[in-house]
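S.K.: Letter by letter, the sequence shown follows residues 1 to 267 in our numbering.
Bear in mind the hints are in silico, worked out from the structure with no lab data behind them. In this text, all values refer to a predicted model and were calculated from it rather than measured experimentally. Among the clues, some could well be false.
Here are the simulated EDC-like pairs of lysine to aspartate or glutamate, each with C-alpha atoms no more than 20 Å apart in a straight line [as the list claims (entries may be wrong)]: (1) 145 - 173; (2) 186 - 163; (3) 186 - 150; (4) 186 - 170; (5) 145 - 111; (6) 186 - 173; (7) 186 - 10; (8) 186 - 208.
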Amino acid sequence: MTTAAASALDIPRTHPLRARAVNAAEVRAMLAALGRLAPGDWSLGTACAGWTVRDMVSHVVGQYEELARPWLMVGRTVRGRRRYPGLLPLAAHNQYQVDARRSAAPHALVDALTRFGPLGVHAVERVPLAARRRIRLSPLIPEAKGLAEDSMDYMARVLITRDTWMHRVDLCDATGLELVLREHDKEVVGQVLLDLALDWSGPPAFLDLTGPAGGRWSLGRGAPAVVVQADAVTWMRHLSGRPPVGDISCDGDPADIAAVTGARVMF
(Lines of atoms letter the chains of each structure in order from A and count residues from 1; the text may use other names and numbers.)
(Lines give C-alpha, C1' and ligand atoms only; values in the text may rest on other atoms or scores of the structure.)
Protein backbone atom coordinates (compact mmCIF):
# COMPACT_ATOMS: atom_id res chain seq x y z
CA MET A 1 0.00 0.00 0.00
CA THR A 2 1.11 3.60 -0.50
CA THR A 3 2.28 5.43 2.60
CA ALA A 4 2.26 8.93 1.12
CA ALA A 5 0.54 11.25 3.55
CA ALA A 6 0.59 14.78 4.86
CA SER A 7 2.26 15.38 8.18
CA ALA A 8 -0.13 15.61 11.10
CA LEU A 9 1.92 18.66 12.12
CA ASP A 10 0.41 20.45 9.12
CA ILE A 11 -3.12 20.16 10.48
CA PRO A 12 -4.11 23.74 11.37
CA ARG A 13 -5.29 24.54 14.86
CA THR A 14 -9.03 25.22 14.81
CA HIS A 15 -9.72 28.91 14.22
CA PRO A 16 -11.91 30.58 16.88
CA LEU A 17 -14.77 31.13 14.43
CA ARG A 18 -14.54 27.55 13.22
CA ALA A 19 -14.38 26.36 16.83
CA ARG A 20 -17.74 27.98 17.52
CA ALA A 21 -19.35 26.06 14.67
CA VAL A 22 -17.69 22.76 15.60
CA ASN A 23 -18.65 23.10 19.24
CA ALA A 24 -22.24 23.93 18.38
CA ALA A 25 -22.39 20.97 16.00
CA GLU A 26 -21.11 18.61 18.68
CA VAL A 27 -23.62 19.86 21.25
CA ARG A 28 -26.38 19.24 18.70
CA ALA A 29 -25.00 15.77 17.98
CA MET A 30 -24.89 14.92 21.68
CA LEU A 31 -28.44 16.18 22.22
CA ALA A 32 -29.62 14.13 19.24
CA ALA A 33 -27.99 11.03 20.72
CA LEU A 34 -29.56 11.69 24.11
CA GLY A 35 -32.92 12.02 22.43
CA ARG A 36 -32.60 8.43 21.18
CA LEU A 37 -31.98 6.91 24.62
CA ALA A 38 -34.47 4.52 26.15
CA PRO A 39 -35.30 5.04 29.84
CA GLY A 40 -33.17 2.08 30.88
CA ASP A 41 -30.12 3.31 28.97
CA TRP A 42 -29.36 6.03 31.51
CA SER A 43 -28.29 3.50 34.14
CA LEU A 44 -25.93 1.54 31.88
CA GLY A 45 -22.22 1.50 32.66
CA THR A 46 -19.73 3.28 30.40
CA ALA A 47 -16.03 3.15 29.55
CA CYS A 48 -15.53 5.87 32.18
CA ALA A 49 -14.76 3.87 35.32
CA GLY A 50 -17.59 3.99 37.83
CA TRP A 51 -19.84 6.18 35.69
CA THR A 52 -23.21 5.36 34.23
CA VAL A 53 -24.56 7.11 31.15
CA ARG A 54 -26.38 9.47 33.50
CA ASP A 55 -23.18 10.29 35.40
CA MET A 56 -21.32 10.95 32.19
CA VAL A 57 -24.00 13.31 30.90
CA SER A 58 -23.94 15.15 34.24
CA HIS A 59 -20.22 15.72 33.70
CA VAL A 60 -20.77 17.01 30.16
CA VAL A 61 -23.45 19.42 31.39
CA GLY A 62 -21.09 20.59 34.12
CA GLN A 63 -18.36 21.36 31.61
CA TYR A 64 -20.53 23.76 29.63
CA GLU A 65 -22.12 25.20 32.76
CA GLU A 66 -18.65 26.10 34.02
CA LEU A 67 -17.79 27.88 30.78
CA ALA A 68 -20.84 30.06 31.36
CA ARG A 69 -20.20 30.34 35.12
CA PRO A 70 -16.43 29.97 35.61
CA TRP A 71 -16.64 30.49 39.36
CA LEU A 72 -18.34 27.09 39.53
CA MET A 73 -15.22 25.44 38.11
CA VAL A 74 -13.12 26.99 40.87
CA GLY A 75 -15.57 26.01 43.60
CA ARG A 76 -16.06 22.47 42.34
CA THR A 77 -12.33 21.93 42.00
CA VAL A 78 -11.71 23.03 45.58
CA ARG A 79 -14.63 21.04 46.99
CA GLY A 80 -13.78 18.04 44.83
CA ARG A 81 -10.28 17.88 46.29
CA ARG A 82 -11.71 17.95 49.80
CA ARG A 83 -14.33 15.31 49.09
CA TYR A 84 -12.06 13.01 47.09
CA PRO A 85 -8.51 13.40 48.44
CA GLY A 86 -7.50 10.08 46.89
CA LEU A 87 -8.23 11.28 43.34
CA LEU A 88 -6.14 13.50 41.12
CA PRO A 89 -7.48 17.09 41.01
CA LEU A 90 -9.09 16.73 37.57
CA ALA A 91 -10.81 13.45 38.45
CA ALA A 92 -12.02 14.89 41.76
CA HIS A 93 -13.40 17.95 39.97
CA ASN A 94 -15.17 15.79 37.39
CA GLN A 95 -16.69 13.60 40.07
CA TYR A 96 -17.97 16.66 41.90
CA GLN A 97 -19.70 17.72 38.66
CA VAL A 98 -21.52 14.39 38.74
CA ASP A 99 -22.40 14.82 42.42
CA ALA A 100 -23.82 18.29 41.73
CA ARG A 101 -26.60 16.76 39.62
CA ARG A 102 -27.04 13.50 41.48
CA SER A 103 -30.79 14.09 41.90
CA ALA A 104 -31.48 15.47 38.40
CA ALA A 105 -33.82 13.46 36.21
CA PRO A 106 -32.66 12.54 32.68
CA HIS A 107 -34.96 15.10 31.07
CA ALA A 108 -33.51 17.79 33.34
CA LEU A 109 -29.99 16.89 32.20
CA VAL A 110 -31.05 17.20 28.57
CA ASP A 111 -32.68 20.55 29.30
CA ALA A 112 -29.53 21.74 31.09
CA LEU A 113 -27.27 20.81 28.17
CA THR A 114 -29.70 22.48 25.76
CA ARG A 115 -29.34 25.64 27.84
CA PHE A 116 -25.70 25.64 28.89
CA GLY A 117 -24.19 24.29 25.66
CA PRO A 118 -24.76 27.54 23.73
CA LEU A 119 -24.38 29.72 26.83
CA GLY A 120 -20.97 28.30 27.61
CA VAL A 121 -19.62 28.86 24.12
CA HIS A 122 -20.94 32.43 23.98
CA ALA A 123 -19.57 33.25 27.44
CA VAL A 124 -16.05 32.30 26.41
CA GLU A 125 -16.30 34.35 23.23
CA ARG A 126 -16.98 37.46 25.31
CA VAL A 127 -13.49 37.15 26.81
CA PRO A 128 -10.90 38.81 24.51
CA LEU A 129 -8.76 36.27 22.65
CA ALA A 130 -5.52 37.65 24.08
CA ALA A 131 -6.86 37.24 27.60
CA ARG A 132 -8.07 33.69 26.91
CA ARG A 133 -4.60 32.77 25.75
CA ARG A 134 -2.99 34.23 28.88
CA ILE A 135 -5.28 32.52 31.39
CA ARG A 136 -3.65 29.27 32.53
CA LEU A 137 -5.61 26.24 33.69
CA SER A 138 -2.76 24.52 35.55
CA PRO A 139 -2.88 26.62 38.75
CA LEU A 140 -6.35 25.14 39.29
CA ILE A 141 -5.94 21.80 37.49
CA PRO A 142 -2.26 20.74 37.51
CA GLU A 143 -2.91 18.05 34.89
CA ALA A 144 -3.42 20.87 32.36
CA LYS A 145 0.37 21.11 32.10
CA GLY A 146 0.14 17.98 29.96
CA LEU A 147 -2.11 19.65 27.39
CA ALA A 148 -0.83 20.88 24.06
CA GLU A 149 -1.65 24.40 25.31
CA ASP A 150 -2.22 25.26 28.95
CA SER A 151 -4.79 27.98 28.37
CA MET A 152 -8.45 28.86 28.63
CA ASP A 153 -8.41 29.45 24.89
CA TYR A 154 -7.32 25.88 24.16
CA MET A 155 -9.93 24.49 26.53
CA ALA A 156 -12.70 26.48 24.85
CA ARG A 157 -11.54 26.01 21.26
CA VAL A 158 -10.42 22.39 21.32
CA LEU A 159 -10.75 20.47 24.56
CA ILE A 160 -14.40 21.01 25.47
CA THR A 161 -15.54 19.77 22.06
CA ARG A 162 -13.13 16.83 22.19
CA ASP A 163 -14.41 15.83 25.62
CA THR A 164 -18.04 16.00 24.55
CA TRP A 165 -17.28 14.10 21.34
CA MET A 166 -15.50 11.28 23.17
CA HIS A 167 -18.35 10.99 25.64
CA ARG A 168 -20.79 10.73 22.75
CA VAL A 169 -18.69 7.81 21.53
CA ASP A 170 -18.85 6.37 25.06
CA LEU A 171 -22.62 6.82 25.11
CA CYS A 172 -23.06 4.95 21.83
CA ASP A 173 -20.68 2.19 22.93
CA ALA A 174 -22.60 1.74 26.18
CA THR A 175 -26.09 1.73 24.68
CA GLY A 176 -25.57 0.23 21.24
CA LEU A 177 -26.75 3.38 19.50
CA GLU A 178 -25.30 4.07 16.07
CA LEU A 179 -22.54 6.67 16.23
CA VAL A 180 -23.61 9.27 13.68
CA LEU A 181 -20.59 11.01 12.13
CA ARG A 182 -20.87 14.24 10.23
CA GLU A 183 -18.50 16.86 8.83
CA HIS A 184 -17.43 18.32 12.18
CA ASP A 185 -16.24 14.95 13.51
CA LYS A 186 -13.27 15.07 11.16
CA GLU A 187 -12.22 18.38 12.72
CA VAL A 188 -12.28 16.84 16.20
CA VAL A 189 -10.17 13.89 15.08
CA GLY A 190 -7.75 16.22 13.29
CA GLN A 191 -7.10 18.22 16.44
CA VAL A 192 -6.29 15.04 18.37
CA LEU A 193 -3.81 14.04 15.66
CA LEU A 194 -2.24 17.51 15.73
CA ASP A 195 -1.71 17.22 19.48
CA LEU A 196 -0.26 13.74 19.00
CA ALA A 197 2.17 15.08 16.40
CA LEU A 198 3.20 18.10 18.46
CA ASP A 199 4.40 15.83 21.26
CA TRP A 200 5.70 13.02 19.05
CA SER A 201 9.06 11.50 19.95
CA GLY A 202 8.49 8.00 18.63
CA PRO A 203 9.51 6.37 15.34
CA PRO A 204 8.14 7.67 12.04
CA ALA A 205 4.66 6.27 11.55
CA PHE A 206 1.94 6.24 8.91
CA LEU A 207 -1.66 6.39 10.10
CA ASP A 208 -4.28 5.03 7.71
CA LEU A 209 -7.50 5.92 9.48
CA THR A 210 -10.73 4.84 7.84
CA GLY A 211 -14.33 5.94 8.18
CA PRO A 212 -16.01 9.33 7.74
CA ALA A 213 -13.67 11.00 10.25
CA GLY A 214 -10.53 9.36 8.90
CA GLY A 215 -7.63 10.26 6.66
CA ARG A 216 -3.97 9.46 6.05
CA TRP A 217 -1.33 11.16 8.16
CA SER A 218 2.33 10.78 9.01
CA LEU A 219 4.04 11.19 12.37
CA GLY A 220 7.72 12.02 12.66
CA ARG A 221 10.19 12.45 9.82
CA GLY A 222 11.43 9.95 7.28
CA ALA A 223 10.12 6.67 5.94
CA PRO A 224 7.53 5.15 8.27
CA ALA A 225 8.80 2.44 10.59
CA VAL A 226 5.23 1.56 11.57
CA VAL A 227 2.02 1.48 9.55
CA VAL A 228 -1.21 1.72 11.55
CA GLN A 229 -4.56 0.84 10.02
CA ALA A 230 -7.71 1.42 12.03
CA ASP A 231 -11.06 3.11 12.00
CA ALA A 232 -10.57 6.71 13.08
CA VAL A 233 -12.93 6.40 16.05
CA THR A 234 -11.21 3.19 17.14
CA TRP A 235 -7.86 4.99 17.09
CA MET A 236 -9.31 7.88 19.11
CA ARG A 237 -10.57 5.45 21.74
CA HIS A 238 -7.09 3.95 21.89
CA LEU A 239 -5.32 7.30 22.21
CA SER A 240 -7.66 8.24 25.06
CA GLY A 241 -6.71 5.08 26.94
CA ARG A 242 -10.17 3.54 26.73
CA PRO A 243 -10.73 -0.22 26.38
CA PRO A 244 -10.44 -1.39 22.76
CA VAL A 245 -13.50 -1.50 20.55
CA GLY A 246 -12.60 -2.50 17.00
CA ASP A 247 -9.36 -3.68 15.44
CA ILE A 248 -6.05 -1.84 15.15
CA SER A 249 -3.57 -3.35 12.68
CA CYS A 250 0.12 -2.44 13.00
CA ASP A 251 2.97 -3.43 10.73
CA GLY A 252 6.58 -2.88 11.75
CA ASP A 253 9.25 -3.84 14.25
CA PRO A 254 7.70 -4.88 17.60
CA ALA A 255 9.63 -2.24 19.54
CA ASP A 256 8.51 0.48 17.13
CA ILE A 257 4.92 -0.77 17.25
CA ALA A 258 5.01 -0.67 21.04
CA ALA A 259 6.22 2.94 20.93
CA VAL A 260 3.41 3.97 18.57
CA THR A 261 0.61 2.10 20.32
CA GLY A 262 1.81 3.37 23.69
CA ALA A 263 1.06 6.97 22.69
CA ARG A 264 -1.76 8.80 24.45
CA VAL A 265 -3.48 12.16 24.04
CA MET A 266 -5.42 14.00 26.75
CA PHE A 267 -9.17 14.08 26.18
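S.K.: Does residue 173 sit within 20 Å of residue 145, going by the straight-line distance between their CA atoms?
M.R.: violated, 30 Å
S.K.: Starting from residue 186, check that the Cα of residue 173 is at most 20 Å away, please.
M.R.: Measuring from Cα to Cα gives roughly 19 Å; hence the hint holds.
S.K.: Could you grab the alpha-carbon distance between residue 186 and residue 150 and see if it respects the 20 Å cut-off?
M.R.: Violated, because 23 Å separates the two Cα atoms, which is more than 20 Å.
S.K.: For the pair supplied as a hint, residue 186 and residue 163, confirm whether the alpha-carbon distance does not exceed 20 Å.
M.R.: holds, 15 Å
S.K.: Does residue 10 sit within 20 Å of residue 186, going by the straight-line distance between their CA atoms?
M.R.: holds, 15 Å
S.K.: Please work out if residue 186 and residue 170 have their alpha carbons no farther apart than 20 Å.
M.R.: holds, 17 Å
S.K.: Residue 145 and residue 111: Cα distance at most 20 Å?
M.R.: Violated. Residue 145 to residue 111 sits at ~33 Å, over the 20 Å cutoff.
S.K.: Holds or violated: residue 186 with residue 208, Cα cutoff 20 Å?
M.R.: Between residue 186 and residue 208 the Cα gap is close to 14 Å, so the pair holds against 20 Å.
Checked against the numbered hints given earlier, the structure breaks hints 1, 3 and 5 and satisfies all the rest.
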